[in-house]
Amino acid sequence: MKTDIEIALEAKMNPISSIAEQMGLAEGDWEPFGHYKAKLSDQLLNKLADRPNGKIILTTSINPTPAGEGKSTVTVGLGQALNQLNNKAVIALREPSLGPTMGLKGGACGGGYSQVVPMEEINLHFTGDIHAITTANNALSAFIDNHIHQGNQLNIDPRRVTWKRALDINDRSLRQVVVGLGGAVRGVPREDEFTITVASEIMAVLCLAADLQDLKKRLSRIIIGYTYHQEPVTVNQLGFQGALTLLLKDAMKPNLVQTLENTPAIIHGGPFANIAHGCNSVMATKIAAKLGDYVVTESGFGADLGAEKFLDIKTRAGDFEPDAVVIVATIRALKMHGGLNKKDLQHEDLGALEKGMENLEKHLETIRQFNLPFIVAVNQFSSDTQAELDYLRKWCEAQGAPVSVIDVFTKGGEGGIDLAEKVVKVCESKSAHLTYTYDLSDSIEEKIQKIAGKVYGAAGVQFSTQAKKQLHQIKQLGYGQLPICMAKTQYSLSDDPSQLGRPRNFYITVREFRLSVGAGFIVALTGEVMTMPGLPKKPAALQMDVTEDGTIKGLF
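Residues 1 to 556 in the UniProt record's numbering are what the sequence shown lists, from first letter to last.
Wrong hints could be hidden among the right ones.
What the hints assert, rightly or not - No farther apart than 30 angstroms at their CA atoms in a straight line, the calculated lysine-lysine pairs in the DSSO-like style are these: (1) 394 to 355; (2) 88 to 37; (3) 430 to 450; (4) 343 to 450; (5) 469 to 450; (6) 39 to 12; (7) 216 to 475.
Said to hold, decoys possible - Ranges between beta-carbon positions, derived for each pair: (8) 354 to 429: 55 to 63 angstroms; (9) 460 to 354: 27 to 35 angstroms; (10) 344 to 31: 29 to 37 angstroms; (11) 342 to 171: 21 to 29 angstroms; (12) 250 to 351: 53 to 61 angstroms; (13) 536 to 250: 27 to 35 angstroms; (14) 172 to 88: 17 to 25 angstroms.
No lab work stands behind these hints, which were simulated from the structure alone. Ideal placement from N, C-alpha and C gives every residue a C-beta, glycine not left out.
Make the full structure from the sequences, and use the hints.
See the structure below:
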């Protein structure tokens, strides 16, 4: 079979004007960004306010292998399949980060014959949204350091500046740095850090903002550090919220592209799911719901990370809820959770598969706790045997879980017809409203205990000495009512990536809190999760190249 990039480069894309017309958009609702990309108006949602919402379908998964389980591929394939059934479907995805694209995981545009295109542009610089966020983030860092250098009117303690610089690439060398060296004319020396751009609070702010004015309000609330008297200092006090909003004005507009089968796709925002809240923008999802009868969107990584944050954070911010959840599972990941070595996942092993089912079982329990109807989508790989597929199908049926074995990677929308038919049926079965994991009135400790117990299956939560001090400060500042954004490994239900399957009798350890008032949540860091990832020994970038005629190679 051809590589993803080969398939994408051979795609017969429709002009973006044709896609806009297909969605019923007027000329003033969008602006072209080349031949096959467009920016949607940031006023479009207001214009469509009185239009009824389509059904929202959330795609999540079990805990993945390092290569991922094809969640984006399933999302794209399902959208294509719904359109093949003569439904008006729109896909809503996150923008890929250059970190994983150049690192281990590769791109995030789907795969095979279920991709969004132009894949090579989306995976690289796209429309510049992430670069704009990087610029705004680092502009704020420059404004902070200049304020301190120019007399420090706000009495900011350089040792307590919490705002970090950002870069959209994995670079472990930047996790801890010193800035301002070289004498008095070069600034005030202080320790600093870099985060990957998709972990920046500005990324979360953009993705949760309702409109441009809400964006400015959220930016103004960002806490950048503390004074010598340990009082918080905000962007509003510095006075730069207007400048930051200006830098993000165009990035606030969602991006319109298409799939290989010309299904409309809105791609906007891309916060990491194991570090940040892991969902595309509220604006993009809500616009898609106004323009389509069905919206297929995704959350990052497994249901313990992305889905929990989508349901407990994003739906609250956007005031909506999904009508159904698709839980992606693969034979290879289930066998890994059953103890099979990663090098042997292509071999049949019913024993490992049976043991690994406990991971899927926990994710089913989690979605049931949210009171949402769901369907298990088995993303088929060429190494899967009929015996393994039959076992998984029968197991799901015994659990009362609707299941569909799909092959959207090699067959596109056609390979997801059965899933699409069952999703339509499941959407119609929804009879109750979303039940949150916790109430906003719960204490911070109670919220984290409920997430750890209900979603991870943990026996309890432990807090480091540093976390306890930060917890006390957050409460004193009056931010205890905010939702919680857990930063945790994606590979395990626990905070230890080596604990596969369904760990039991374990404790989650919160080592640090970070207050993201602009985004509107509190980040709780667990385990060894870093906000600036590192590159693997052999980065995916080693395989990437461009020929003399401009043809791209090796991009996944």
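Consistency of the hints with the structure:
no. : hint                           : verdict
1   : 394 to 355                     : holds, 15 angstroms
2   : 88 to 37                       : holds, 20 angstroms
3   : 430 to 450                     : holds, 24 angstroms
4   : 343 to 450                     : violated, 36 angstroms
5   : 469 to 450                     : holds, 21 angstroms
6   : 39 to 12                       : holds, 21 angstroms
7   : 216 to 475                     : holds, 25 angstroms
8   : 354 to 429: 55 to 63 angstroms : violated, 29 angstroms
9   : 460 to 354: 27 to 35 angstroms : holds, 29 angstroms
10  : 344 to 31: 29 to 37 angstroms  : violated, 51 angstroms
11  : 342 to 171: 21 to 29 angstroms : holds, 26 angstroms
12  : 250 to 351: 53 to 61 angstroms : holds, 54 angstroms
13  : 536 to 250: 27 to 35 angstroms : holds, 33 angstroms
14  : 172 to 88: 17 to 25 angstroms  : violated, 45 angstroms
Hints 4, 8, 10, 14, counting from the list given before, are not met by this structure.
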